[in-house]
Amino acid sequence: AQSVTQLDSQVPVFEEAPVELRCNYSSSVSVYLFWYVQYPNQGLQLLLKYLSGSTLVESINGFEAEFNKSQTSFHLRKPSVHISDTAEYFCAVQKAAGNKLTFGGGTRVLVKP
Amino acid sequence: NAGVTQTPKFQVLKTGQSMTLQCAQDMNHEYMSWYRQDPGMGLRLIHYSVGAGITDQGEVPNGYNVSRSTTEDFPLRLLSAAPSQTSVYFCASKTLAGAYTDTQYFGPGTRLTVL
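These protein sequences, in sequence, are chains A and B.
Position one of the first sequence corresponds to residue 1 (my numbering), numbered consecutively onward.
Position one of the second sequence corresponds to residue 1 (my numbering), numbered consecutively onward.
Any given hint could turn out to be false.
[Unchecked claim] Only some residues are given here: those of chain B computed to face chain A with a beta carbon under 8 angstroms:
(1) G42
(2) L45
(3) G58
(4) F90
By construction, these hints were calculated from the structure, which means they are not laboratory data.
By construction, the Cβ of each residue, glycine as well, lies at the ideal position given by its N, Cα and C atoms.
From just these sequences and the hints, can you work out the full model?
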């Protein structure tokens, strides 16, 4: 079975500062990794994903995540956050040959002016 | 393309009442699933289906039933609601075919309160 640990439940950050959200996973088989974002009172939207190939993946709104197989991590970073990045972020893992997603507990990001 | 739709958006039940949460998708996805979201616990899988007529249990199935009579619809039934089922429920769907289509699409959620 897979498991996901998001090491920070809340991350306050000032506008235009960098942010890093940490995600570690456990699995005995190859996995796909995902970051989802949930804006207040909304559903989940895919932010970015790693399936194979380059270990650094980027989103259209400036986030990036790096798959590190040796450290079993998939940390999410943004060099300069905006107020609109205030949301909850979920890391998730799926077996490469499977369908079920396993989620971490989520990290709430609060961007302060 | 409406994507994944869920109804109702909000629901209040009394303990012991039953109800059905509706989920529909118009993307012809084979795989559909139900999750519940509770603070600090992320999303946990309740039930899933890989196609019409095929369902299976996820991580937290107790107190919930599902059926899949069509590709488009995947309703979740609460047989006898309990306060522990107060949560936000999300439906999701994805295609089964191929690695590069492995994105799950989520509905907007149903916020359920059981008194």
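Hint check:
1. Interface hint at G42 (chain B): satisfied, since its Cβ lies 4 angstroms from the closest Cβ of chain A, which is below the 8 angstroms cut-off.
2. Hint status for L45 (chain B) relative to chain A: holds, with the closest Cβ pair at about 6 angstroms, below 8 angstroms.
3. For the restraint placing G58 (chain B) at the interface with chain A, the shortest Cβ-Cβ distance is roughly 7 angstroms, inside the 8 angstroms limit, so the hint holds.
4. Checking F90 (chain B) against chain A: minimum C-beta separation of about 6 angstroms stays under 8 angstroms; hint holds.
Checked against the numbered hints above, the structure breaks none of them.
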